[in-house]
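Protein sequence lines correspond, in order, to chains E and W. Residues 1 to 149 (our numbering) make up the first sequence, in order. Residues 1 to 246 (our numbering) make up the second sequence, in order.
Think of the hints as simulated: they come from the structure by calculation, not from any bench. Certain hints may be false.
To be verified - Here are the computed lysine to aspartate or glutamate pairs in the EDC-like style, where the Cα-Cα straight-line distance is at most 16 Å:
# : chain 1 : residue 1 : chain 2 : residue 2
1 : W       : 79        : E       : 57
2 : E       : 78        : E       : 59
3 : W       : 79        : E       : 96
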Amino acid sequence: MIFILSHNIISVNGDHTMVHEWALADALARYIIYRIGHDRKNIKRIIVKLGVLQSIDKEILGFALKEILESMGYTVAKIDFEDEEPVLRCRKCGYEWKPDVDVFNDTVKEAIHFVPETIFSYYRCPVCGSRDFDIVKGRGVDITLIEVE
Amino acid sequence: MTSIDPRLLAAKERLSKIKVIVPVMSSKGGVGKTVIAGSLAILLARHGVGTGLLDLDFTNPGLHILLGANISSWPEEEKGVVPPMIAGIRFMTTAYYSGDEPLPLRGKYVDEVFKEILCITRWPGVEILIIDTPPGIRDEALDILTYIPSPRPLVVGTPSPLAIKSVEKLVKVLREIGNEIIGLIENMASEPGPLRLLAKKYGVEYLGNIPYISKMDLLIGKPYELTDEIEPYLRKAVNRIRSFIH
Ligand SMILES: Nc1ncnc2c1ncn2[C@@H]1O[C@H](COP(=O)(O)OP(=O)(O)OP(=O)(O)O)[C@@H](O)[C@H]1O
Ligand SMILES: [Mg+2]
Ligand SMILES: [Zn+2]
Numbered sequence: 001m002i003f004i005l006s007h008n009i010i011s012v013n014g015d016h017t018m019v020h021e022w023a024l025a026d027a028l029a030r031y032i033i034y035r036i037g038h039d040r041k042n043i044k045r046i047i048v049k050l051g052v053l054q055s056i057d058k059e060i061l062g063f064a065l066k067e068i069l070e071s072m073g074y075t076v077a078k079i080d081f082e083d084e085e086p087v088l089r090c091r092k093c094g095y096e097w098k099p100d101v102d103v104f105n106d107t108v109k110e111a112i113h114f115v116p117e118t119i120f121s122y123y124r125c126p127v128c129g130s131r132d133f134d135i136v137k138g139r140g141v142d143i144t145l146i147e148v149e
Numbered sequence: 001m002t003s004i005d006p007r008l009l010a011a012k013e014r015l016s017k018i019k020v021i022v023p024v025m026s027s028k029g030g031v032g033k034t035v036i037a038g039s040l041a042i043l044l045a046r047h048g049v050g051t052g053l054l055d056l057d058f059t060n061p062g063l064h065i066l067l068g069a070n071i072s073s074w075p076e077e078e079k080g081v082v083p084p085m086i087a088g089i090r091f092m093t094t095a096y097y098s099g100d101e102p103l104p105l106r107g108k109y110v111d112e113v114f115k116e117i118l119c120i121t122r123w124p125g126v127e128i129l130i131i132d133t134p135p136g137i138r139d140e141a142l143d144i145l146t147y148i149p150s151p152r153p154l155v156v157g158t159p160s161p162l163a164i165k166s167v168e169k170l171v172k173v174l175r176e177i178g179n180e181i182i183g184l185i186e187n188m189a190s191e192p193g194p195l196r197l198l199a200k201k202y203g204v205e206y207l208g209n210i211p212y213i214s215k216m217d218l219l220i221g222k223p224y225e226l227t228d229e230i231e232p233y234l235r236k237a238v239n240r241i242r243s244f245i246h
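Just chain W, with the same shape it has in the complex (with noise of 0.2 Å):
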C-alpha cells in the first residue's frame, strides 16, 4: 500500500464539498495574477455566491493588502479554523501568522504549508474557491495540480513577448495532466492581442483583455473600489465560473 499524508486525507474531504476550486495561476510573474484574483471573488460575492479566496503565494502574500484586511484577527478555531469574512468573502492567509515578517521557505517546507493550510482551514458555505498563487511552475503549482480535487485553472499573461512563451508552457502543462482551464485572460492590454491568438492555438477560451489601469495603485486597499473599476473586463470571467455552480 502506498504511504500518503493523512492532511490530505483530510484536506481532500473539506474541499470536495466546494463547486468550483479556480487556482489563478500563470509562470510569468507581475502580470495580476492577485489583483484579478481578488476582484474576481468580490464580484462573485456580490452575486450573491458563497466565495472563499486562498492565498497561496506563501513567502509573497499579497491579497490582504489589496483587501486592506487585518491580518492581526485571526482565523476562528471551529474543528479547524474558519477564515473570517472580508469584503464579503471567506479569506485565507498564511500572513494571519507570519505577519509581517518574511517567511522564506524552501520547497519542502513549501509543501508541509501547503498541507497544513488545507487540512486545518473549513470552508462553511463556500461555493467557489478562488486561489491566488505565485509565479512559476513550482512547488505551488504542482501542490494544487497534484492534490486539489479538479482544480479548473484560470491562466493570466500580458501581450509582453515575455509572457507569452512562459504562459504557453503553463498551458501545456495543464493540457497534459487534462485540466480543464477556464479560460485565458490578457491583462494591461488595451485590445485583444497575441494572447486571444494563444487561447485559439490551445482551443481555450479568452475572457478578454483589461486595460491598464493608471490609478491602480490608488486602488490598492480598497477593494470595493477596486472591483468597481475592473469589473466590466472580468464580466466575462465572472460570468463562465458561476456557470459551474449552476
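Next comes chain E alone, as it looks inside the complex (with noise of 0.2 Å):
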C-alpha cells in the first residue's frame, strides 16, 4: 500500500556533532505512524524531502528515523531523501531569488539550522533590502511517501 502525502514541513539541522536530527526523526517516526496505523509494521519505503536551507545531514535523520521506527516495532527497508532548493521572494518588489546558502557565517548557518526563520534576522532582499520576503521553498523536511507492505 502506498501513501502518497500532503505537505508536510519540519526542518532538521546538519552538524555531524550535533544530534538535534533526532528530535526532528522523532517527530517524522509519529507521523508516520499516526499515518500508517499499528496493523503493518513492515515499511519498504519512505521518501523524505528536505529542504537545503538548513544543510541537513541525510546521514543522521535516516539513521535515527530508522532506530526511531524499530524500537517502536517497525521494520524499515529504505530510507530515500529529495532535495529541495531553497526560493525566497521578497514582498516589496517581487524579486525571487535563490539564496546562497554558503555565504553565511557558522553562527548564521547554525542558526538557521535550529529555527529556519532567523533567516529574516540575518537576510533581506538583495534588490530593494526587505526583510518582508517569503520562503517560497526549500524550508524543513517533508515526507512525501511511506510503501508498506
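Fit chain to chain and form the complex, with the hints in mind.
Structure (C-alpha cells):
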C-alpha cells in the first residue's frame, strides 16, 4: 500500500557533531505511525524531501528515523531523500531568488539550522533590502511517500 | 484522515510530561507579562519546583534581558535541545538564535517558529512551565491555546480603562474554549481595583494587585533582586500554581 502525503514541513540541522536531528526524526516517526497505523509494521520505503536551506545531514536523520521506528516495532527497508533548493520571494519588490546558503557565517548557518525563520534576522532582499520576503520553497523536511507491505 | 504537522506530535509528547503549563497572557501590551512571568518562574524554582521558562514573544523577546541571561551560550543538543539553567530555571528563547538582530515575522512564520521550538526543545526535570507571550489574541496566543495540552493561563492587566476592556475580551475567549484560567493579576495598582470586579464577574480567581514599583528599571537584569522586591505580591499566584503539582 502506498501513502502519498500532503505537504508537511519540518526542519532539521546538519552538523555531524550535533544530534538535534533526533528530535525531528522523532517527530517524523510519530507522524509515519500516525499515518500507517499499527497493523502493518513492515515499511518498504519512505521518501523524505529535504529543504537544503539548513544543510541537512541525511545520514543522521535517516539513521535516527530508522532507529526510532525499529524501537517501536517497525521495520524499514529503505529511506530515500529528495533535495529541495530554497527559493525566496520579496513581498515588497517581487524579486525571486535562490539564496546562497554558503555566504552565511557558521553562527548564522547554525541559527538557521535550529530555527529556519531566523533567516529573517540575517537576510534581506538583495534588490530592495526588505526583510519582508517569503520562503517559497526549501524549508525543512517533507515526508512525501510511505510504502508498506 | 486529517493531516497534522509532525512537529506537533513530538511537541505534544514532550509537553505531556510537564505537570502544569502556565502561559502569562494579556490582550493588552505593556501591562507586565514579562516581569511577572520571569519573577514567577524564579519564585517557583526557589520552592524547589523544577521550573521551565519559555519566551514565546519571538519578535520582541525580553525575558533574557530581565534575567540578565547570556544568549551567546546556546542550549545543549541532546536528542533535541535542552535549555540551559539560568537563575535556577530552564530558560528557552529564540533570542539565542536571532541574537540582537530584529526578527520580523508574518503570522504564518510565527506559527512555524512555534512548532519548531516546541518540537526541538526538551524539558528534563521540568514540572511547571511558565510561558511569556506577546500581547494580543493572535498567532502566538492561538497557537498556545490550540496546540499546547491543557494550558492554564494567568491573565495580567492594569486598572487602566484601556486595559480592562481588552482583558475582558481575552477572558471571554478563554472561557469559550473551556480553559481553566489560573487567575488574574492586577499590575501597577496600589490597591485592588476594577480587575477584581472583572475577576468576580467571570468567576476567575483574583490573585492580587502589584503596586507600581518605582525602581523597577534598576531591577531589570538582576533577577534575584527583582524577585525579592516583587515576592510579597506574587505569593498568592505562586501558591496557586504550586497547588497543581501536589
Ligand atoms: N509593577 C510595576 N511597577 C513598575 N514598573 C513595572 C511594573 N510592572 C512592569 N513594569 C514596567 O512596565 C514595562 C512593561 O512591562 P513588561 O515588559 O513586563 O510588560 P509586557 O506586558 O510584557 O509588555 P509587552 O506587551 O510588550 O510584552 C516595563 O518597563 C516594566 O519594567
Ligand atoms: Mg512582554
Ligand atoms: Zn525586494
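Verify the proposed pairing of residue 79 of chain W with residue 96 of chain E, using a straight-line Cα cut of 16 Å. Measuring from Cα to Cα gives roughly 35 Å; hence the hint is violated.
Need the status of pair residue 79 of chain W, residue 57 of chain E: alpha-carbon distance at most 16 Å? holds (14 Å)
Just to be careful, I want the Cα atoms of residue 78 of chain E and residue 59 of chain E compared with a cutoff of 16 Å; is the pair within it? holds (13 Å)
Checked against the numbered hints listed earlier, the structure breaks hint 3 alone; every other hint is satisfied.
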